[in-house]
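As you go down the protein sequences, you meet chains A and B in turn. Heads up, the first sequence is in my numbering, so the first residue is 70 and it goes up one at a time. Heads up, the second sequence is in my numbering, so the first residue is 1446 and it goes up one at a time.
Everything labelled a hint here was simulated from the structure, so no lab data went into it. Just so it is clear, CB atoms sit at the ideal spot from N, CA and C, and this is done for glycine as well. One or more of the hints may lead you astray.
Said to hold, decoys possible - Taking CB as the label site, the calculated pair distances span:
hint, chain 1, residue 1, chain 2, residue 2, range
1, B, 1540, A, 128, 13 to 23 Å
2, B, 1547, A, 109, 17 to 27 Å
3, B, 1447, A, 108, 17 to 27 Å
4, B, 1529, A, 82, 30 to 40 Å
5, B, 1516, A, 85, 38 to 48 Å
6, B, 1514, A, 136, 35 to 45 Å
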Amino acid sequence: KQEVTQIPAALSVPEGENLVLNCSFTDSAIYNLQWFRQDPGKGLTSLLLIQSSQREQTSGRLNASLDKSSGRSTLYIAASQPGDSATYLCAVRPGNTGTASKLTFGTGTRLQVTL
Amino acid sequence: NAGVTQTPKFRVLKTGQSMTLLCAQDMNHEYMYWYRQDPGMGLRLIHYSVGEGTTAKGEVPDGYNVSRLKKQNFLLGLESAAPSQTSVYFCASRPGGQGNTEAFFGQGTRLTVV
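Modelling step: build the complete structure from the supplied sequences, incorporating the hints.
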């Protein structure tokens, strides 16, 4: 059974700092990995999707990397801003067929960027 | 562009009452999912559907039923609500097939069972 772990559970950084969020998964047979952002009381917003054949994806100040063989992904946020404060979730999609692409989620990292 | 819409957004139920949560998507997606989110446990899959007229159990299906009579709608029912079903419920959808496509989520339904 796939298990996804995110460390740390919570993080507080001053504005302007670069930071790294970690996601690890136990079964390396994944199809892709998706990073989401969740604001308090809101739904999930997709940030980046990395295919299993890719090493990284970039969108603006966000960069996500994937090391499938070691079961790890990192989300790098450059020059953090207070507006980045949210919970960040990673989710993996299994690589085997017949699974209807069910995502397995980590428990998230709650990020607070202070002024 | 609506995307994935969930109704209602909030609901308080008494133990033993029933209710139906509605998820509607306007993206012509084949796959739809219902998750629940509880503190410290992440999102867990309740039921899912790979197309109109099909449903299947996820990780935590007990106490819930679903129906997908129309492609755009996925209903989650609680026949006899229990306090353990207090949670935030999220619906998601995704295009079918094995392509590298993203899942899209609704805004959630916060359910409290007293």
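Hints, verified against the model:
1. 1540/B / 128/A: 13 to 23 Å: 20 Å, holds
2. 1547/B / 109/A: 17 to 27 Å: With Cβ atoms ~22 Å apart, the hint holds.
3. 1447/B / 108/A: 17 to 27 Å: Distance hint for residue 1447/B, residue 108/A holds at roughly 19 Å.
4. 1529/B / 82/A: 30 to 40 Å: 36 Å, holds
5. 1516/B / 85/A: 38 to 48 Å: Holds, at about 47 Å.
6. 1514/B / 136/A: 35 to 45 Å: 43 Å, holds
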